[in-house]
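Please construct the entire structure, taking both the sequences and the accompanying hints into account.
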Amino acid sequence: MFKKILIANRGEIAVRVIRACHEMGIAAVAVYSDVDRASLHVRKADDAYPIGAAAASESYLNIQKILDVAARSGADAIHPGYGFLSENAKFARACVDAGVKFIGPTAAAMDAMGSKTRARQAMERAGVPYVPGTSRGLESFEQAEEVAARIGYPVMLKAAAGGGGKGMRLVHAPAELKSSLEGARSEAERSFGDSEVYIEKAILNPRHIEMQVLADEHGNTVYLGERECSLQRRHQKVVEEAPSPIVDPEMRRKMGEVAVRVAKAAGYTNAGTVEFLVDQQKNFYFLEMNTRLQVEHPVTELITGLDLVHLQIRIAAGERLPFTQDQVVIRGHAIECRIYAEDPDNNYFPSPGKITLLLLPSGPGIRLDSGMYEGWTVPMDYDPLLAKLIGYGTDRDQAISRLTRALNEYFVGGIKTNLSLFRHILSDPDFRAAKMDTGFLDRLLKQKKAEAPADPKAIEVATIAAGIFTVLGASAAGAGERPVGNDSSATKPTVASNWLRTARKEAMR
Amino acid sequence: MFKKILIANRGEIAVRVIRACHEMGIAAVAVYSDVDRASLHVRKADDAYPIGAAAASESYLNIQKILDVAARSGADAIHPGYGFLSENAKFARACVDAGVKFIGPTAAAMDAMGSKTRARQAMERAGVPYVPGTSRGLESFEQAEEVAARIGYPVMLKAAAGGGGKGMRLVHAPAELKSSLEGARSEAERSFGDSEVYIEKAILNPRHIEMQVLADEHGNTVYLGERECSLQRRHQKVVEEAPSPIVDPEMRRKMGEVAVRVAKAAGYTNAGTVEFLVDQQKNFYFLEMNTRLQVEHPVTELITGLDLVHLQIRIAAGERLPFTQDQVVIRGHAIECRIYAEDPDNNYFPSPGKITLLLLPSGPGIRLDSGMYEGWTVPMDYDPLLAKLIGYGTDRDQAISRLTRALNEYFVGGIKTNLSLFRHILSDPDFRAAKMDTGFLDRLLKQKKAEAPADPKAIEVATIAAGIFTVLGASAAGAGERPVGNDSSATKPTVASNWLRTARKEAMR
Amino acid sequence: MTYDITIDGKHYRLDLNRPEGRWSCRLDGREVEVDAVLARPDVLSIRLGNQAYEVKCERVSGEMHLWVGSARFAAEVRDPRSLRGRVRAADDRGPKKLTASMPGKIVRVLVSQGSEVEAGAGVLVVEAMKMQNELKSPKKGTIQKILVSEGAAVNAGDVLAIVE
Amino acid sequence: MTYDITIDGKHYRLDLNRPEGRWSCRLDGREVEVDAVLARPDVLSIRLGNQAYEVKCERVSGEMHLWVGSARFAAEVRDPRSLRGRVRAADDRGPKKLTASMPGKIVRVLVSQGSEVEAGAGVLVVEAMKMQNELKSPKKGTIQKILVSEGAAVNAGDVLAIVE
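Protein chains in written order, with this note's numbering: chain H, 1 to 509; chain W, 1 to 509; chain P, 1 to 164; chain Z, 1 to 164.
Keep in mind that the hints were calculated from the coordinates and are not lab data.
No incorrect hints appear here.
Partner residues aside, some chain Z positions facing chain H, computed with beta carbon under 7 Å: (1) Ser45; (2) Asn50; (3) Glu54.
From the three backbone atoms N, C-alpha and C, an ideal C-beta is built for every residue, glycine too.
Structural data, given as structure tokens:
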């Protein structure tokens, strides 16, 4: 087993991996950028190395700096978390060259899955169901016409190099095809410098369901059940759950076996996720494979009772999977909320700043994976994911009710978060009835929120509390009014100026 | 279903039950004594009623006051938690008379289980295995000789009215019997004014294993697996786990069926626990039945995926058990640590006072049921149980490693706690090998703790930190140096005087 | 003590006294039975009669917000005897400030000083956490002043421009 | 700044300065590379070289304890230039105080003023949370004074009796 693991990441996932290391008796090495000195992952690590400026390219994405720290600290493995370098085949290769184990798949497996069209070709050979269409770029308008006619309208045009909806066009009828193709191509050219566009059958109101797989380095591959991730905003997952309310054991077995086939076709090792689009008839189509640990891995952990990070580390250390497919027991239901530093009243714009008050939920069925603490200043330089709140229950209803209860206990003061969004989602009748697709959240947010008139009793309480806080004065004030930092200046800084001062101070290191 | 439930308790269990109420959409009514106004259960409740002075007899044990609050608040049910009135048949009867549902068994079932010899006689009729011996007082030395010969040495003489080891004698051989019987009788007479002594086969180094049962009011009774509670100090459980490392599925089925038989013999409804002594050959003997929710119920919840408090409430509301025995799935392993306010360096004497700093563990596999918060002053009037930390894992080793990790994250400053005891237990080779019996903890604590010399690096860190905290001064100080309370006096109070002031202030209400 | 308290724009008068450590309270002249304990800084456990509430106080950039359960209220407290905190004119006349709602970096200035803008027209673009947010003019008028330039780091509450 | 710091009874000399916001540190004359950030009140994230530690500070009754991981150290800090905090005589001569280690209630006084006691003999019984604790004489000697009576409530740190 490894003696020391470097975690090439920050935030809640770095804390998650450090915890797994400590549970396994392995020392954890943190790396941090200038604005992350006070971050939780640095507090919790055994060793901590500064790696440069706030910009990720100067720090968390800098392969050379990270490998230098691995060498200096004597780390024998690197866990990349998700994001940053986690799906970077070049990094995986550089780790091999540096003689440090990359905890994840091989660079070759990443390459096989990295290009959408290449992955599609491999899946075609492996007999994996994917959305009907071309697995190569369209060569002519005539070819587009011919394929569209064969697979049937509506169709979707997609940029091969694409992402984020750029170079995408939904085409309802043959008459629209020509102008759409031209539009998609020029947008793809402008956005990615590559005008390659392919065509797929459009799946209307699909669900996004993904299958967790795990493969050791001795040829054993298992699936650990699916996750329903249809609740997305701006193509970003917001709420995930396991199992999917529409997947029964038979469908799970079929999807799982396909996912294992995908993994085997790519020579995949370690933890990975095969994403599917599911249409309204429950047909499922291969979408892509994520060659890393997912943000939403905890829901799978809760319904299977397994620890995916422990298993990742054991697999990377050369161990065999300690169980077979038959021994995987799925029990209960789990739902995850991704807590972001963003302002629901300002179109979910990011909201960094100082956390002045933090009340944490706990108790039965509640798991909290967090990277924040009271008094910490959320830097403005990274993804705004602060924490993940996961509720487990005997069934979906109980998971929802426990999560709702925990959301009401959870309080993050000083910055804006999307906590209220989850209360809104979890109380929605369609969500409760599990009527979801990838358009669900956009529709929900577009609905004119019937501004419920404030409870008069609550206004009364707020008024009296405002008076009492005023009478009590500074002695009743928390971290918002008290600077935390090496600075003992007597003046009351505003949150914002305190944030900047902290940033400056840390940048001085 | 009930609309409003009164929780006749305080501390972590009151918070636990309030959470269940909120999850089920039921309003929760707290009651509190004068020293508990600032307690967490009052903060979390929907209604809160003062019920009198700190002494439990004036408040939490006062049946009339509690029923008055039930009437005034419009509560239609009462959850008693554990301790206080939870096993008081008179209270259960008074609830019936007042027309408010007692969430627990009937008074008749409590009575049937309340007396040790009466319970034993009932179990004898139901064919439940109990420790061989007489279920009535010995009438003569000759009878003692005859019974001892029949059941085999070693035997145990026990005072019928006994408790706390008084009037107990372990007899290894026939030659010792006469003097031991005389000794036991005179000690029983002196201690309890009652010389009745009975005889039982001595179980050497037994394990304490208990079985959770659940019975609805329609005749359905199930068992939910066992808990191993052998780790005790002063007959108080300290660490509990489920499943027991020595119980296999066949033994579980046998013990479970006996426990169901016990419950049925007593006409038992709601949640209850049947305690067994288990000898080194894994024979199990009925000990007693606890007619309430146990402190350690979370370990059963984690391995079964069920919520016992939800089920208690649903049963009390007249619902049928929503599953059958076959549908109970036991998966994984859970261990609970009872965090007490007590001083390990002072023979575990209680340590009330103000919590100046509180860092909470969380993350994968960790459940925290707590009644404390930073800035709260632990009153000196009640049981010192502060919180329960429960670790779940795929197997026992993983549960131990996660719990150890969480214990290292957990910090309670300002008062003494037994957190260090759990680190000691969890790292003990015999505990890790699951070699336990009810004498384990006393033996462990008696061992001359090899005072490990402090790590020189840690001393260096402590020295430098002491200097830095001194330089930073008051701006770096937490709740210990800042009074929390309505009092804004400028002087720095010591923790103790602050504690007393708070108590006085609250007593003034 | 008497306070004028504005909660989400509506005014209330609160008389609050604490003889012998107990709160006595009149809200708009009506007596209210109040029992309050500061559980920890910024967290109050309040009982109104026997109903219990946990109230959280958020203080950012000198503004106070109170959370009662999951409802958030903007609060302004004025002591009528003091001259501070006069009620502000809530109309559209006079210059209006454009302030940053969170820390970030100015990535674009869309209008120049002196130019005319419609209400809702984009004035500046601020970036934080890889996302861009367009700040819009609060009124129709003339850009009197732009106080920041592209590339500048700003804090929540900073005044970025003035429209008159 | 130079401090004399006692950790669990052993003395160390610490030179600590912070030119331009960075700590510079010498421990018993040896230079140590230190980087420290106050994460929140009473919690310090310290790096010694590249090793990371979380240190918690506990302040009770004017005493300071530092926790490094799960190890607890009693700390006394003295500024040698000041006259405060002279090293206390650590011998057995002179009167010794018997202090309460936690809040509680005096339930029994076992000896009377003026009586002779052995080291370790019971002097008082304190009760808290339904448990009783016998406080023992720190030395052989005479009970000079009993400062509390049965039934009294006491706080941690209160002096209960003096043995000389």
